[in-house]
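K.L.:
Residue numbers (my numbering), protein chains in the order written: chain U, 1 to 480; chain R, 1 to 249.
Note that these hints are calculated values from the structure, not bench results.
Any given hint could be a false lead.
Restricting the straight-line Cα-Cα distance to at most 25 Å, the calculated cross-link-like pairs of lysine-lysine (PhoX-like) are [as the list claims (entries may be wrong)]:
(1) U:Lys211 to R:Lys142
(2) R:Lys158 to U:Lys85
(3) U:Lys65 to R:Lys158
(4) U:Lys198 to R:Lys232
(5) U:Lys65 to R:Lys232
Note that the structure is a prediction, hence the values are computed from the model and not measured.
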Amino acid sequence: MKKIKLFALGTALCMASLAQAAPTPKAGSSKISGQEIAILTDAPAVPPRITRKHATKVVVNLEVKEVEGRLADGVSYTFWTFGGKVPGKFIRIREGDEVEFHLNNHPDNKMPHNIDLHAVTGPGGGAAASLTAPGHSSVFSFKALNPGLYVYHCATAPVAMHVANGMYGLILVEPKEGMSKVDHEFYVMQGDFYTQGKNGEQGLQAFSMVKAIEEEPEYVVFNGSAGSLTGDNALKAKKGETVRLFVGVGGPNLTSSFHVIGEIFDKLYAEGNTDRPAKNIQTTLIPAGGAAYMEFKVNVPGTYIMVDHSLTRAFNKGALGMLKVSGDEDKTIYSGKMTDEVYLPEGSSMRNTAAPQAQAPTAKTKADRIKLGEGIYNTNCAACHQTTGVGVPQAFPPLAKSDYLSGSKAPAIKAVTGGLQGKLVVNGNEYNGVMPSWSLNDEEVANVLTYIYNSWDNGGDEVTPEDVKKHRINPVKHEE
Amino acid sequence: MLVLSSCLFSAAAVSAEDMVLVPESSFTPFFLKRDNASSSSAAATKISAFWLDATPVTNGKFQAFVNKYPDWHKSNIKKIFTDSHYLEHWQNTQGSADTADLDKPVVNVSWFAAEAYCEAQDKRLPTTDEWEYTLTDNDRDKENLQQRIMSWYSVPNKELPAVRANPANGFGVFDLAGVIWEWTADFNSYMAPPDSRNSGDKNLFCGSGSLNASNLGDYAAFMRYSYRESLKGNFTGKNLGFRCAKDAK
Chain U
1 MKKIKLFALG TALCMASLAQ AAPTPKAGSS KISGQEIAIL TDAPAVPPRI TRKHATKVVV
61 NLEVKEVEGR LADGVSYTFW TFGGKVPGKF IRIREGDEVE FHLNNHPDNK MPHNIDLHAV
121 TGPGGGAAAS LTAPGHSSVF SFKALNPGLY VYHCATAPVA MHVANGMYGL ILVEPKEGMS
181 KVDHEFYVMQ GDFYTQGKNG EQGLQAFSMV KAIEEEPEYV VFNGSAGSLT GDNALKAKKG
241 ETVRLFVGVG GPNLTSSFHV IGEIFDKLYA EGNTDRPAKN IQTTLIPAGG AAYMEFKVNV
301 PGTYIMVDHS LTRAFNKGAL GMLKVSGDED KTIYSGKMTD EVYLPEGSSM RNTAAPQAQA
361 PTAKTKADRI KLGEGIYNTN CAACHQTTGV GVPQAFPPLA KSDYLSGSKA PAIKAVTGGL
421 QGKLVVNGNE YNGVMPSWSL NDEEVANVLT YIYNSWDNGG DEVTPEDVKK HRINPVKHEE
Chain R
1 MLVLSSCLFS AAAVSAEDMV LVPESSFTPF FLKRDNASSS SAAATKISAF WLDATPVTNG
61 KFQAFVNKYP DWHKSNIKKI FTDSHYLEHW QNTQGSADTA DLDKPVVNVS WFAAEAYCEA
121 QDKRLPTTDE WEYTLTDNDR DKENLQQRIM SWYSVPNKEL PAVRANPANG FGVFDLAGVI
181 WEWTADFNSY MAPPDSRNSG DKNLFCGSGS LNASNLGDYA AFMRYSYRES LKGNFTGKNL
241 GFRCAKDAK
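One chain only, chain U, in its complex shape (with noise of 0.2 Å):
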């Protein structure tokens, strides 16, 4: 142990002095050399790396646009925006930069707007120089003195609609030694949204300034609507493969404990530092108004969500995200479900073969299978479906008015007894997820399966104990 740390110390000297014999000119007062235009991105992609080794002249143009845009499925939102899109353009520029930045304001918008950029140094972070009537452009410039990842906003009154109308995205600053190399670099931001509609309510949805006021959103969501990231807008990776993630959060009102799922982060940048990685982290809190950036290597095939870990935002109101990694998989690193098996507590298994079988009611009529069936249902499948049928938007499908349910019942009963899995249409939207098998028993799906059919306009067949027995998938074992 103790040879190992002198060597890693004396690595550590070696590279010190090695970084002193190199004269690397201090930030703040490197000089300036050549000028470029800033390439500017929308998410989730992120402008290049940068290679240069010194600072340089970066011309920023950025215009405003107030657009009208898709929120969520069928409900659009008129957006204010920072070069088109929720979050705005990704800015990349290296420590010791000098930024002439053009806010331009288009002539069709109705609002005045400016430019909070939290990587500036000086008051106001550019608010004061950039505000910018439509139809104007405000030039201003600043020296990016500190390396990170930097959320910028506007800052125009009343502040907080300007922000909730999605006028935020992400600058990072480079460190002047750079960054390492990584295969997929991605921008996430998280924004909540007020609307006078409720969630779901379809339409051109104006802004409510009384649930901005009292934070309460309709809508968390990731890159500016209900499913960016989800299905076919899925983030994409292969096995192996590093990932570096730019999550910033836009508010105006939430944080974010962000998280993806089935995931660590391998390095954590938290608050968008650039030097100190935290190693290991499962979540981490990105305040309204910050970022953090985090890399990982994905070593196991499948889709991991991204969610913020506050979950009803992640379940109900959008705050969701996909991350998908191809190639094969890796039993090693983890199996995936090997077996499946009732579990017996002990002393209960005289309980469970007997008692079960007694207690459970039998229906005799069809009433009687709805009325079972509603319990069975509240407890196993409201979770996702909810217990109005409709499901969640990309996430679980509606099984009220479902075109699922409309032909032959045999896909339900294999549904339910087998499990589903990978692309799904139902009624016309694609979904892509994981619905688990159920350990029922004939009466059991039967009963849950009539109640469905007979909730949400689903046509009132029955369905039968012998029905289920007929089609389905697994059989379960503590029956037989």
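Since the structure of chain U is provided, determine the placement of chain R on it from the hints.
P.N.:
Just chain R now, with coordinates in the frame of chain U:
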């Protein structure tokens, strides 16, 4: 004379020149004026009775003004009085208004041009307090009004309607919100800050966006004051027009 006689006949006093008499009142401005920077918050100010144009000035009326005063024609206007978009929607070869647009509010006019127009009619631009007071409509139907204003502010520009397309407010004034922004005489002399979070130095950037506002919940008012704050006298906008006022004496 005409003014007086029409007063006698109608409840909402309307002059022959389509002006409306807004009665004397007191009004608490949303922001302090800059020269009141020593007070900690806005106090009620007296509004003397004044006449206000019932509608924004239309392309037709502005055309008549330009015909009479060719200095304000788009090809003659002095560069210091406007930016490059002056009357840019008047696109025919004579640089005059499109006949289809005569009843629409004139836009793309600078403060200087608006002020010159009003002076030529022996009028003036309304003060911000006068304009804002008229908009509050004596707090008639306050919540609806605020929501209507907000929903217009929130969306980008659309094709402009003719004036009087929507009902008048309780004073008999049309189109204060929902059609265009309007110049006021003292458009940028308030403490509406470009950065609405700054609450420290009042004089530096006109101070505390929220600390000094008289009603923190009135986002629409924040938007109007910050819009005006973003302007300079030579600016024009695709949806920035004006109407004139006159002392009631």
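K.L.:
Is it true that the CA of U:Lys65 sits at most 25 Å from the CA of R:Lys232?
P.N.:
holds (21 Å)
K.L.:
Has the given pair, U:Lys211 with R:Lys142, been kept, meaning a C-alpha gap of at most 25 Å?
P.N.:
Holds - the C-alpha atoms of R:Lys142 and U:Lys211 are around 18 Å apart, at most 25 Å.
K.L.:
Is the straight-line distance between the alpha-carbon of U:Lys198 and that of R:Lys232 25 Å or less?
P.N.:
violated (40 Å)
K.L.:
Hey, R:Lys158 versus U:Lys85, does the alpha-carbon distance stay inside 25 Å?
P.N.:
The hint holds at about 20 Å.
K.L.:
Would the pair U:Lys65 and R:Lys158 pass a check requiring their Cα atoms to be no farther apart than 25 Å?
P.N.:
holds (14 Å)
Hint compliance for this structure: hint 4 alone is broken.
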